[in-house]
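Here the protein sequences come in this chain order: A and B. Read in order, the letters of the first sequence correspond to residues 6 to 362 in my numbering. Read in order, the letters of the second sequence correspond to residues 639 to 723 in my numbering.
It should be emphasised that the hints constitute simulated quantities derived from the structure, not laboratory data. All values reported here derive from a predicted model rather than from experimental measurement. Among these hints, one or two may not hold up.
Straight-line C-alpha distance at most 30 Å; calculated DSBU-like pairs for lysine-lysine [to be verified]: (1) B:Lys665 / B:Lys696; (2) B:Lys696 / A:Lys102; (3) A:Lys258 / A:Lys341; (4) A:Lys288 / A:Lys7; (5) A:Lys8 / A:Lys288; (6) A:Lys102 / B:Lys704; (7) A:Lys102 / B:Lys649; (8) B:Lys701 / B:Lys649; (9) A:Lys102 / B:Lys643; (10) A:Lys72 / A:Lys22; (11) A:Lys8 / A:Lys341; (12) B:Lys696 / A:Lys260; (13) A:Lys102 / A:Lys260; (14) A:Lys8 / A:Lys102; (15) A:Lys322 / A:Lys288.
Part of the chain B face toward chain A, derived, beta carbon under 7 Å [to be verified]: (16) Glu684; (17) Ile695; (18) Lys696.
Backbone N, C-alpha and C fix where the C-beta goes; we use that ideal spot for every residue, glycine too.
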Amino acid sequence: MKKSVYINSVGSVSAQKTFDNSHFLEDIFNHNDTVLSIIAPDYREYIPPAAARRMAKGIKMSTVSAKTAMTEAALEENEIDAIIVGTGLGCIGDSEKFVIDIIDNDEQFLTPTRFIQSSHNTVAGQIALGMGCKGHNFTYVHSVISFESAVLDAKMQLENDEANHILVGGVDELVDHHVDTHRLIGHIKQEAVETMAVLSSGTQGAVFSEGAHFFVLSNEKRPSCYAELLAVETYNTLSQDEVSEKVALFLSKNKFTLDTVDVVILGNNGDVEFDGYYNELAKGIFKNTCQAYFKHLSGEFDTASGFGFWLANQILKHQYVPKAVRLNSVETTSPKTILIYNQYRGENHSLTLLRKC
Amino acid sequence: MSELKQELKEKIIEQLNLEDVAIEEIKDTDPLFGEGLGLDSIDALELIVMLDKDYGIKLADPKEGKKIFESVETMAGYIAEHRSR
Numbered sequence: 006m007k008k009s010v011y012i013n014s015v016g017s018v019s020a021q022k023t024f025d026n027s028h029f030l031e032d033i034f035n036h037n038d039t040v041l042s043i044i045a046p047d048y049r050e051y052i053p054p055a056a057a058r059r060m061a062k063g064i065k066m067s068t069v070s071a072k073t074a075m076t077e078a079a080l081e082e083n084e085i086d087a088i089i090v091g092t093g094l095g096c097i098g099d100s101e102k103f104v105i106d107i108i109d110n111d112e113q114f115l116t117p118t119r120f121i122q123s124s125h126n127t128v129a130g131q132i133a134l135g136m137g138c139k140g141h142n143f144t145y146v147h148s149v150i151s152f153e154s155a156v157l158d159a160k161m162q163l164e165n166d167e168a169n170h171i172l173v174g175g176v177d178e179l180v181d182h183h184v185d186t187h188r189l190i191g192h193i194k195q196e197a198v199e200t201m202a203v204l205s206s207g208t209q210g211a212v213f214s215e216g217a218h219f220f221v222l223s224n225e226k227r228p229s230c231y232a233e234l235l236a237v238e239t240y241n242t243l244s245q246d247e248v249s250e251k252v253a254l255f256l257s258k259n260k261f262t263l264d265t266v267d268v269v270i271l272g273n274n275g276d277v278e279f280d281g282y283y284n285e286l287a288k289g290i291f292k293n294t295c296q297a298y299f300k301h302l303s304g305e306f307d308t309a310s311g312f313g314f315w316l317a318n319q320i321l322k323h324q325y326v327p328k329a330v331r332l333n334s335v336e337t338t339s340p341k342t343i344l345i346y347n348q349y350r351g352e353n354h355s356l357t358l359l360r361k362c
Numbered sequence: 639m640s641e642l643k644q645e646l647k648e649k650i651i652e653q654l655n656l657e658d659v660a661i662e663e664i665k666d667t668d669p670l671f672g673e674g675l676g677l678d679s680i681d682a683l684e685l686i687v688m689l690d691k692d693y694g695i696k697l698a699d700p701k702e703g704k705k706i707f708e709s710v711e712t713m714a715g716y717i718a719e720h721r722s723r
């Protein structure tokens, strides 16, 4: 018999002040830009300077996020059986520098630090080194379903009792070259948009950002528990017409109906070209359901859905939907079930179902 | 020689990302590894590449490094004697 999977703790570093778990979106940082940097914690409180000096931004963000989740779960480091990370671009900052060094120095004089940090699995590796975790260590790199792939792997291992506690996360960092190229191809909005006006911008492209979100998933419920993870599914391609049917099928497979979803969290990013996928659900099968969105707060990046996952957990724990994420006026008094739907530019769709525990 | 020592201190801080260390905090005879600056084996590799790239010095025997990288003073002495650029 499959075991239940619980999300026992959360950790987040994002474009909002989310690194402190004692607050839940009480004060929204109003950005007015096309690219948002994270609101960074004081890294010295989490990472010894000697270790931090070689860490890229993505590793620092992830270390803080992972440590926050570990502290909240109140688990000893040696109790973690696996570390699974999803990332779209890995430590792309050091990858870029390493490649530039190769070109500039004619393949000579390559230094070790940037090489060590230039791979996608650096984050999972560094966290494991820091914790002394010699268990399963894996990194999923699959565009905007990287995070969901990591969550799915953890879920299956926990359900089958192959592990008891798994640290799961998603991370991506912003770097200049990545921003420049995506601006050039029109994937980033041309003009600055205020945080609360992202959805009504009426323009193409998204506001880009970065962040790290980590969670301790276990097959036992701990006092810190946020929610039960019921199901995750990903789809590489879906047409707009198929989304409602897929959602209904997904819910039905998990013995839920549309009416039993209390809150639906959508990954709208204000790109008029692709928000139609979300509008299809918001104006269709979920028009009478409380709707929330998050990418105006988190910005868009390959693992932005980690912020959506963090939001769903916080809503279930605090039992309210903050005003800043409300997409419609349908009220819900005690949310028990949340569905998250995410996609980027019409590809790599994911559905995640959580229940209050 | 004092100019070279100053230059080395600047390079060490910049290339090894010693953000919390000021140039004046590094004494010429301070040990670079262990108790002094606390550098490690990855830093040693960074320093070997720096010698090659900036001063044209290739260390044929890595064991030499232990003596050369003892302090800024020993590094400066070795560079002054062997540099080709």
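Hints versus structure:
1. Of the supplied pair hints, the one linking lysine 665 of chain B and lysine 696 of chain B holds, its CA atoms being roughly 26 Å apart against a limit of 30 Å.
2. Using a Cα cut-off of 30 Å, the hinted pair lysine 696 of chain B and lysine 102 of chain A holds, with the two alpha carbons roughly 23 Å apart.
3. With a C-alpha separation of about 18 Å, the suggested pairing of lysine 258 of chain A with lysine 341 of chain A holds against the 30 Å cut-off.
4. For a cut-off of 30 Å, the pair hint linking lysine 288 of chain A to lysine 7 of chain A is broken: about 36 Å separates their Cα positions.
5. Among the hinted pairs, lysine 8 of chain A with lysine 288 of chain A is inconsistent with the structure: their alpha-carbon atoms are about 36 Å apart, more than 30 Å.
6. Only pairs whose Cα atoms come within 30 Å are accepted, and lysine 102 of chain A paired with lysine 704 of chain B is accepted, the gap being roughly 29 Å.
7. Restraint check: the Cα-Cα separation between lysine 102 of chain A and lysine 649 of chain B comes to about 18 Å, which is no more than 30 Å; the hinted pair holds.
8. Under the criterion of a C-alpha separation no larger than 30 Å, the hint pairing lysine 701 of chain B with lysine 649 of chain B is consistent with the structure, at around 22 Å.
9. Distance hint between lysine 102 of chain A and lysine 643 of chain B is fulfilled; the C-alpha atoms sit about 27 Å from each other, no more than 30 Å.
10. Under the criterion of a C-alpha separation no larger than 30 Å, the hint pairing lysine 72 of chain A with lysine 22 of chain A is consistent with the structure, at around 16 Å.
11. For the hint pairing lysine 8 of chain A with lysine 341 of chain A, the CA-to-CA distance comes to about 20 Å; that is within 30 Å, so the pair holds.
12. Among the hinted pairs, lysine 696 of chain B with lysine 260 of chain A is inconsistent with the structure: their alpha-carbon atoms are about 68 Å apart, more than 30 Å.
13. Pair hint lysine 102 of chain A plus lysine 260 of chain A does not hold up; C-alpha atoms about 49 Å apart against a cutoff of 30 Å.
14. Restraint check: the Cα-Cα separation between lysine 8 of chain A and lysine 102 of chain A comes to about 44 Å, which exceeds 30 Å; the hinted pair is violated.
15. Our distance criterion of 30 Å between C-alpha atoms is met by lysine 322 of chain A and lysine 288 of chain A, whose separation comes to about 27 Å.
16. The interface hint given for glutamate 684 of chain B is met, as the beta carbon of that residue sits about 5 Å from the closest beta carbon of chain A, less than 7 Å.
17. The interface hint given for isoleucine 695 of chain B is broken, as the beta carbon of that residue sits about 12 Å from the closest beta carbon of chain A, more than 7 Å.
18. At a threshold of 7 Å, the smallest CB-CB gap from lysine 696 of chain B to chain A is about 11 Å, leaving the interface hint violated.
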